[in-house]
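Take these sequences, add in the hints, and give me the full structure.
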Amino acid sequence: MSSQRRSKDRNQAANARTAARRGVPAPPSTPPPTSQRLTSKRPRSGRSWPITAIVGGIIVLVIVAMGVVKFVLPLTGSATAPSGSADAVSATVMQALTSVSDTTLNQVGQGTAQPLPISTGAPILKGASGHPLIVYEGAEYCPFCAAERWGLVVALSRFGKFSNLHTSRSASDDVYPSTPTFTFVGSTYQSDYIEFSPVEMQSNQRTSTGYATLQTPTAQQRQLLSTYDAPPYIAAQNAGSIPFLDLANQFIVSGSQFSPGSLDNRTWDQIAGNLNNPSTDDAKAIVGSANQITAAICHATGDTPANVCGQPAIKTLEAKLSAQAAPKAGQ
Amino acid sequence: MSGARLGAGAFALVGLGISIYLTVVHYAQGQVALLCATGGAINCEQVTTSPESNVGPIPVALLGVVWFLVTLALVAGPQLRLARAGSAGWKSLWLVWSGIGVLVVFYLIYSELFLIGSICLWCTAIHVLVIGLFLLALNEWIEAASDVSTADTEPG
Numbered sequence: 005m006s007s008q009r010r011s012k013d014r015n016q017a018a019n020a021r022t023a024a025r026r027g028v029p030a031p032p033s034t035p036p037p038t039s040q041r042l043t044s045k046r047p048r049s050g051r052s053w054p055i056t057a058i059v060g061g062i063i064v065l066v067i068v069a070m071g072v073v074k075f076v077l078p079l080t081g082s083a084t085a086p087s088g089s090a091d092a093v094s095a096t097v098m099q100a101l102t103s104v105s106d107t108t109l110n111q112v113g114q115g116t117a118q119p120l121p122i123s124t125g126a127p128i129l130k131g132a133s134g135h136p137l138i139v140y141e142g143a144e145y146c147p148f149c150a151a152e153r154w155g156l157v158v159a160l161s162r163f164g165k166f167s168n169l170h171t172s173r174s175a176s177d178d179v180y181p182s183t184p185t186f187t188f189v190g191s192t193y194q195s196d197y198i199e200f201s202p203v204e205m206q207s208n209q210r211t212s213t214g215y216a217t218l219q220t221p222t223a224q225q226r227q228l229l230s231t232y233d234a235p236p237y238i239a240a241q242n243a244g245s246i247p248f249l250d251l252a253n254q255f256i257v258s259g260s261q262f263s264p265g266s267l268d269n270r271t272w273d274q275i276a277g278n279l280n281n282p283s284t285d286d287a288k289a290i291v292g293s294a295n296q297i298t299a300a301i302c303h304a305t306g307d308t309p310a311n312v313c314g315q316p317a318i319k320t321l322e323a324k325l326s327a328q329a330a331p332k333a334g335q
Numbered sequence: 003m004s005g006a007r008l009g010a011g012a013f014a015l016v017g018l019g020i021s022i023y024l025t026v027v028h029y030a031q032g033q034v035a036l037l038c039a040t041g042g043a044i045n046c047e048q049v050t051t052s053p054e055s056n057v058g059p060i061p062v063a064l065l066g067v068v069w070f071l072v073t074l075a076l077v078a079g080p081q082l083r084l085a086r087a088g089s090a091g092w093k094s095l096w097l098v099w100s101g102i103g104v105l106v107v108f109y110l111i112y113s114e115l116f117l118i119g120s121i122c123l124w125c126t127a128i129h130v131l132v133i134g135l136f137l138l139a140l141n142e143w144i145e146a147a148s149d150v151s152t153a154d155t156e157p158g
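Residue numbers (the numbering used here), protein chains in the order written: chain A, 5 to 335; chain B, 3 to 158.
Don't take every hint at face value.
[As the list claims (entries may be wrong)] Distance condition first, Cα-Cα at most 25 Å in a straight line; then the derived SDA-like pairs of lysine to any residue:
#, chain 1, residue 1, chain 2, residue 2
1, A, Lys165, B, Ser113
2, A, Lys165, B, Leu123
3, A, Lys130, B, Ala30
4, A, Lys165, B, Ala43
5, A, Lys165, B, Cys38
6, A, Lys130, B, Tyr112
7, A, Lys130, B, His28
8, A, Lys130, B, Trp124
9, A, Lys130, B, Gln31
10, A, Lys165, A, Val59
11, A, Lys319, B, Tyr23
12, A, Lys165, A, Trp53
13, A, Lys165, B, Val98
14, A, Lys130, B, Cys38
15, A, Lys165, B, Ile44
16, A, Lys165, B, Ala35
17, A, Lys165, B, Gln31
18, A, Lys165, B, Tyr112
19, A, Lys165, B, Gly32
20, A, Lys319, B, Ala35
21, A, Lys130, B, Ala35
[Unchecked claim] Partner residues are not named here, just some residues of chain A that face chain B (Cβ under 10 Å, in silico):
#, residue
22, Ile67
23, Met70
24, Phe75
25, Leu120
26, Thr171
27, Thr211
28, Thr213
29, Pro221
30, Gln224
31, Leu325
Just so you know, these hints were derived from the structure itself, not from any lab.
Fair warning: this is a prediction, and the values are worked out from it, not measured in the lab.
All residues carry an ideal CB built from backbone N, CA and C; glycine is no exception.
Put into structure tokens, the structure is as follows:
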């Protein structure tokens, strides 16, 4: 078809539309050839798709770049802090946290950490993957949470691997100020045996009304806190206190198992450097806490993995935890 | 209606459905289950209950409902006689609107990765749909612009 013919047809169509708007019948027009009636629209040029594909590629690249900054750079040592002034945990500290020897584990045993995780007598709580679910609820300002995270990180590292874990300090204007610790904000945890669901509800930054909100607990986390961080499992005056650890609903820990004061004015390297020495106070407190948490988790995982749950100290602690009677209402 | 517009309409309807679901979950306060993983890096509940899931008092999911409704109107504009079929101005409006959507998606992905530390699969589905809608809008806009420029150069 010639360009003149296409232009004539377009003019006729425009005349018809104008006439219709004016309420008068359109003048008769010469019907277009059959081939044009069947394909009344202008054929697509096809020139747009390369441009669209390029723009789509740029969008994908931007998203991939964000993923690289988040997941790849931290592994190469140039981590992005998830909040505030947090720094990535150094390789040395991470190594110390994840490589407490079996000898140290067994020599420390229960250690000085107390109280023992409390039995709930409830069914095993499982996550979406079907593995036992470990829930931590705390806040970055809280010095007791700061202490408890040390043992928790050591224990969970026996069942899986943390990525993008950052250092943090408790609030500088609270008791046990600036206790060195970690934050779970921005971290990920991978395990073949358990799931981990942490929430840090407030930051360590003071605002006019308290501390800045950081993460909001999920409905499940709220429900666990209101059910198990309350009588009869703990004293009424301590209900709702943090840190709160729900170990697959089999056992709970409310509060820290050792004093944050033992970590005062210390660096992460100094504390972590003592973990493999069972005679140090740090090992007795932190590895002791880790062993108790480990034994509680082993109870939920059916004693897997064997290289962790089969350690004599863990088996002894698990038997001790299992022998507890779950508190009943009124106790 | 062109294939691109039909596809865009389908995308917008799916996105609208997901946004309505997430809005209902938000306001139901635990009475409606959020069907998604809740542990590890994939954690919808962590994302949908985070401070970043609200803009002031308004949940982001509700903003998604509004965005997809407007998108549906833009996609179906000619059919609803809101615009002339092939109108370049209408397609420009659609392109700008979907471009705003993509910018918001960038921010939401940033929030998930760096502020919340978890990824929500429902949100990811929404992000894919928004980006897809933007690319369809871009394609339609380029075609319309191309048609106009071709018509302008044709002899009368």
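Evaluated hints:
As the CA atoms of A/Lys165 and B/Ser113 are separated by approximately 23 Å, the hinted pair is consistent with the 25 Å bound. Distance restraint check for A/Lys165 and B/Leu123: the Cα-Cα separation of roughly 22 Å lies within the 25 Å cut-off, and the hinted pair is therefore satisfied. Simply put, A/Lys130 and B/Ala30 have alpha-carbon atoms about 23 Å apart, close enough for the 25 Å limit, and the pair holds. In summary, the hint linking A/Lys165 to B/Ala43 is supported, as the alpha carbons are separated by about 12 Å, within the 25 Å threshold.
Taken as a hint, the A/Lys165 and B/Cys38 pair is honoured in the structure, with Cα atoms around 22 Å apart against an allowance of 25 Å. The suggested pairing of A/Lys130 with B/Tyr112 is violated, with an alpha-carbon distance near 29 Å, which exceeds 25 Å. Restraint check for A/Lys130 and B/His28: satisfied, since their Cα atoms lie roughly 23 Å apart, inside the 25 Å limit. In summary, the hint linking A/Lys130 to B/Trp124 is supported, as the alpha carbons are separated by about 22 Å, within the 25 Å threshold.
Note on A/Lys130 and B/Gln31: the hinted pairing holds, with a Cα-Cα distance of about 22 Å set against a maximum of 25 Å. A C-alpha spacing of about 37 Å is found between A/Lys165 and A/Val59, which places the hinted pair above 25 Å, so the restraint is violated. With a C-alpha separation of about 46 Å, the suggested pairing of A/Lys319 with B/Tyr23 is violated against the 25 Å cut-off. A C-alpha spacing of about 44 Å is found between A/Lys165 and A/Trp53, which places the hinted pair above 25 Å, so the restraint is violated.
Proposed proximity of A/Lys165 and B/Val98 is contradicted: the alpha carbons are some 44 Å apart, above 25 Å. Only pairs whose Cα atoms come within 25 Å are accepted, and A/Lys130 paired with B/Cys38 is accepted, the gap being roughly 14 Å. Pair hint A/Lys165 plus B/Ile44 holds up; C-alpha atoms about 16 Å apart against a cutoff of 25 Å. Between A/Lys165 and B/Ala35 the CA atoms are separated by roughly 29 Å; this puts the pair beyond 25 Å, and the hint is violated.
At roughly 33 Å between alpha-carbon atoms, A/Lys165 and B/Gln31 are farther apart than 25 Å, so this suggested pair is violated. Distance restraint check for A/Lys165 and B/Tyr112: the Cα-Cα separation of roughly 24 Å lies within the 25 Å cut-off, and the hinted pair is therefore satisfied. The hinted pair formed by A/Lys165 and B/Gly32 fails the criterion: a straight-line CA distance of about 31 Å is larger than 25 Å. About 38 Å separates the Cα atoms of A/Lys319 and B/Ala35, which puts this hinted pair outside 25 Å; it is violated.
Note on A/Lys130 and B/Ala35: the hinted pairing holds, with a Cα-Cα distance of about 16 Å set against a maximum of 25 Å. At a threshold of 10 Å, the smallest CB-CB gap from A/Ile67 to chain B is about 6 Å, leaving the interface hint in force. A distance limit of 10 Å between C-beta atoms decides the matter here; for A/Met70 the minimum to chain B is near 6 Å, and the interface restraint holds. Taking 10 Å as the C-beta cut-off, the interface hint given for A/Phe75 holds, the closest approach to chain B being about 8 Å.
Interface restraint check for A/Leu120: the shortest CB-CB distance to chain B comes to about 25 Å, outside 10 Å, so the restraint is violated. The interface hint given for A/Thr171 is violated, since its Cβ lies 16 Å from the closest Cβ of chain B, which is over the 10 Å cut-off. Proximity of A/Thr211 to chain B is violated relative to the hint, the smallest CB-CB distance being about 13 Å (cut-off 10 Å). Below 10 Å, beta-carbon pairs count as interface contacts, and A/Thr213 has none with chain B, the closest being about 14 Å; its hint is therefore violated.
At a threshold of 10 Å, the smallest CB-CB gap from A/Pro221 to chain B is about 7 Å, leaving the interface hint in force. Satisfaction of the interface hint for A/Gln224 is found here, the shortest Cβ-Cβ separation to chain B being roughly 6 Å, below the 10 Å cut-off. Because the closest C-beta pair between A/Leu325 and chain B is about 23 Å apart, greater than 10 Å, the hint is violated.
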